[in-house]
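Please take these sequences and the hints and turn them into a complete structure.
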Amino acid sequence: MVNFEPKIVAFCCDQSGYPAADMAGGLELNFPGNVEFVRVPCAGRIETLYLLKALERGADGVLIFACYEENCQFLRGNLRAKSRLSYAHRLLEKIGLEKERIEICHLATNCGPKLAETLHRKSEQLKKLGPNPAKI
Amino acid sequence: MIKAEQKPLEEILLYLKSYDRILLSGCGACVTVCQAGGEKEVGLLASALRMARMKMGTPLEALEATPARQCEPEFAAELSETVEKVEAVLSVACGVGVQTLARHFPKTPVFPGVNTTFLGETVTHGVWEERCQACGNCILERTGGVCPVARCAKQLFNGPCGGSSKGKCEIKREADCAWQLIYDRLNGLGQLYRMEEIIPARRWGVESRDSGLRRIVREDLKV
Amino acid sequence: MKAGSNLENVLSKGLFAVTGELGPPKGNEVSVIKRKADLLRGYVDAVNVTDNQTAIVRMSSIAASSLLLQMGIEPVMQMTTRDRNRIAIQSDLFGATAFGIKNMLCLTGDHHTFGNQVDSKNVHDLDSIQLIDCVRTMRDQGTLLGGEEKIEGEIKLFIGAAENPFGDPFEFRAIRLAKKVAAGVDFIQTQCIYDMNRFKEWMKMVRNLGLHEKVHILAGVTPLKSGGMARYMAKNVSGIIIPDEIIDRIVKAKKPAEEGIKLCVEQIQELREIGGVHGVHIMAIEWEQMTSQITEMAGLLPRPKVA
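Chains as they are written, first to last, in my numbering: chain A, 1 to 136; chain B, 137 to 359; chain C, 360 to 666.
Among the hints, erroneous ones may be present.
[What the hints assert, rightly or not] Here are the simulated EDC-like cross-link-like pairs (lysine to aspartate or glutamate), alpha carbons at most 20 Å apart as the crow flies: (1) A/K135 to B/D320; (2) A/K53 to B/E200; (3) C/K538 to B/E333; (4) C/K584 to C/E572; (5) B/K191 to A/E98; (6) A/K99 to B/E146; (7) A/K135 to B/D312; (8) B/K302 to C/D478; (9) A/K53 to A/E117; (10) C/K538 to B/D156; (11) B/K243 to C/E560; (12) A/K94 to B/E332; (13) B/K153 to A/E93; (14) C/K573 to B/E332; (15) C/K385 to C/E530; (16) B/K308 to C/D478; (17) A/K135 to B/E200; (18) A/K94 to B/E197; (19) A/K135 to A/E103; (20) C/K563 to B/E147; (21) C/K573 to C/E560; (22) C/K573 to B/E333; (23) B/K302 to C/D603; (24) B/K176 to A/E47; (25) C/K594 to B/D312; (26) B/K143 to A/E93.
[Stated by the list, open to error] Now the stretches of chain B that chain C is said to cover, found in silico as 3 or more residues with beta-carbon under 8 Å: (27) 282–293; (28) 311–319.
It should be emphasised that the hints constitute simulated quantities derived from the structure, not laboratory data.
We put the beta carbon where it would ideally sit given N, CA and C, even for glycine.
Given below as structure tokens:
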């Protein structure tokens with residue numbers, strides 16, 4: 001398991017996560033080796049099913065990069081994402097997976113470094129947890 | 137509409153223990169509205185079941201389908217080809233839909249994936265509440281459009297009981313007292329006299345489920 | 360006379376009636392009934408025997424009432440519609456009257472989820488008002504509910520019911536009593552009274568409807584044992600209102616139990632003065648030994664001997 005490079009799916013809100021990733025790229029910040037960014041118009045677009053499907057189809061962990069609370073362009077999209085995340089956490093528990101595999105991170109457009117740090121931290125955490133045993 | 141809630145995943149896993157290939161069938165009607173067994177929930181449950189079984193080391197193949205109305209024989213028939221390919225069916229339609237499939241596919245076990253809970257109304261997004269018991273003889277004309285059979289914990293016809301306090305029911309304190317609602321509504325309509333009349337004992341034994349299986353036959357519609 | 364019970368005799372003579380209450384044992388221990396009967400004998404005109412009160416399983420009201428009769432005490436058999444459909448109700452009334460029970464109280468009953476068999480299925484084939492109508496039909500028409508089937512023998516029962524002036528909506532409470540009167544009730548026992556103003560207001564509405572002349576109203580009282588009990592009841596029991604000054608009085612008393620008895624006696628004296636109140640129903644639950652003291656202090660003794 002020494003060479004295990006966790007696969008992370010990062011859902012990025014167009015108002016915060018995505019510009020932040022862009023900025024991190026511009027600053028040439030280093031990302032973990034196996035990250036797939038999925039651009040969404042708002043974190044509120046992320047269905048619970050997307051979170052589960054990501055894991056089912058091979059991700060070891062999922063990150064949601066959403067706007068700070070009370071800072072959603074669509075008013076409650078980030079809060080919806082949060083409540084769907086907690087529903088997904090309950091499902092993970094029943095499936096027998098660690099709920100740490102899915103996490104939400106609130107940030108703003110200028111948070112490129114925070115995004116990169118979060119990805120690295122997640123990657124390290126997933127290395128400790130090991131590969132997702134439920135992936136199909 | 138009919139309201140339902142998904143059964144606990146562990147219970148469903150137990151039903152499916154000895155099967156490796158199943159069909160998970162939802163329904164495009166009531167259970168879609170209450171988000172217990174529509175297309176979305178089918179996808180979510182199928183995904184959860186696949187991962188849970190993968191983790192257990194006994195992978196499960198779960199086909200997905202969501203007919204428009206699982207309680208209609210025509211729509212059940214549409215599933216015939218798919219059902220041939222599986223060992224069992226998990227239906228997240230209401231109890232009616234489960235039985236339609238069971239009747240239609242005599243050789244395939246059909247398991248319920250939801251508990252059918254009540255006939256109810258959407259109070260607000262994500263909240264549903266019981267409104268009708270299908271008791272077989274509607275008295276809403278006497279009670280201002282609020283049903284005491286479904287909404288009073290003691291099914292009083294001549295309420296409210298002594299446990300009605302500040303508009304709430306003593307049995308479930310978060311619930312409105314049905315008879316307070318009836319009182320307020322009739323008061324607003326200027327029809328309080330309706331509450332002064334005694335509603336006599338009901339004919340449960342001939343009108344309700346207590347009479348045995350109920351059936352509606354419309355000769356004009358039969359083919 | 361509708362049933363010729365002692366309670367009916369007392370009330371129809373215009374005397375101020377006193378009833379007590381006895382909770383049967385949570386088993387078949389007859390000595391419990393005997394002990395409580397001894398505490399009540401001679402101090403009350405009749406004793407209510409509860410029917411699985413608060414949905415806690417106890418000896419049946421019919422059986423405990425019959426035992427009381429053997430012990431020389433007149434029972435008021437309570438009957439709830441929670442646990443019986445109309446077949447069981449009417450059959451039980453045949454049995455109860457055969458044993459010589461002459462008073463009954465028609466109740467819907469506390470919800471089964473309050474009790475110790477929460478998984479049970481409740482019945483509610485009839486509600487309390489429909490039950491009154493059912494018993495009245497059996498007694499006055501000599502038929503079963505529905506009016507078709509003749510009954511062998513006669514069902515002689517003095518029909519009671521409960522009413523709660525402290526339930527909501529308050530404006531409807533006297534009208535609801537009118538429905539019970541129309542259904543055929545002979546006497547009413549009220550929920551325990553602490554909020555005297557509200558009770559008086561209710562009685563005024565009752566008098567305005569002329570109900571006090573059609574039904575005997577027995578005002579319910581329960582002595583408070585402690586400040587804790589007062590607070591608990593005020594907070595947790597729907598349909599009971601205990602004004603703050605009463606809670607304060609019990610809480611601050613040096614001997615709360617004594618104060619509770621004193622308060623109860625004062626309440627009885629005040630209730631006696633209210634037009635249309637024909638008696639008191641003393642619910643000294645698991646505190647039956649106080650009934651003698653309360654009736655003595657309230658000047659309700661000796662109880663009249665009427666035939």
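Verification of the hints:
| no. | hint | result |
| --- | --- | --- |
| 1 | A/K135 to B/D320 | violated, 56 Å |
| 2 | A/K53 to B/E200 | holds, 14 Å |
| 3 | C/K538 to B/E333 | holds, 7 Å |
| 4 | C/K584 to C/E572 | violated, 35 Å |
| 5 | B/K191 to A/E98 | holds, 12 Å |
| 6 | A/K99 to B/E146 | holds, 17 Å |
| 7 | A/K135 to B/D312 | violated, 46 Å |
| 8 | B/K302 to C/D478 | violated, 28 Å |
| 9 | A/K53 to A/E117 | violated, 25 Å |
| 10 | C/K538 to B/D156 | violated, 63 Å |
| 11 | B/K243 to C/E560 | violated, 70 Å |
| 12 | A/K94 to B/E332 | violated, 53 Å |
| 13 | B/K153 to A/E93 | holds, 19 Å |
| 14 | C/K573 to B/E332 | holds, 17 Å |
| 15 | C/K385 to C/E530 | violated, 38 Å |
| 16 | B/K308 to C/D478 | holds, 16 Å |
| 17 | A/K135 to B/E200 | holds, 18 Å |
| 18 | A/K94 to B/E197 | holds, 19 Å |
| 19 | A/K135 to A/E103 | holds, 18 Å |
| 20 | C/K563 to B/E147 | violated, 59 Å |
| 21 | C/K573 to C/E560 | holds, 19 Å |
| 22 | C/K573 to B/E333 | holds, 18 Å |
| 23 | B/K302 to C/D603 | holds, 18 Å |
| 24 | B/K176 to A/E47 | holds, 9 Å |
| 25 | C/K594 to B/D312 | holds, 18 Å |
| 26 | B/K143 to A/E93 | holds, 15 Å |
| 27 | 282–293 | holds (count 5) |
| 28 | 311–319 | holds (count 3) |
Figure legend: structure checked against the earlier numbered hints; hints not met, in rising order: 1, 4, 7, 8, 9, 10, 11, 12, 15 and 20.
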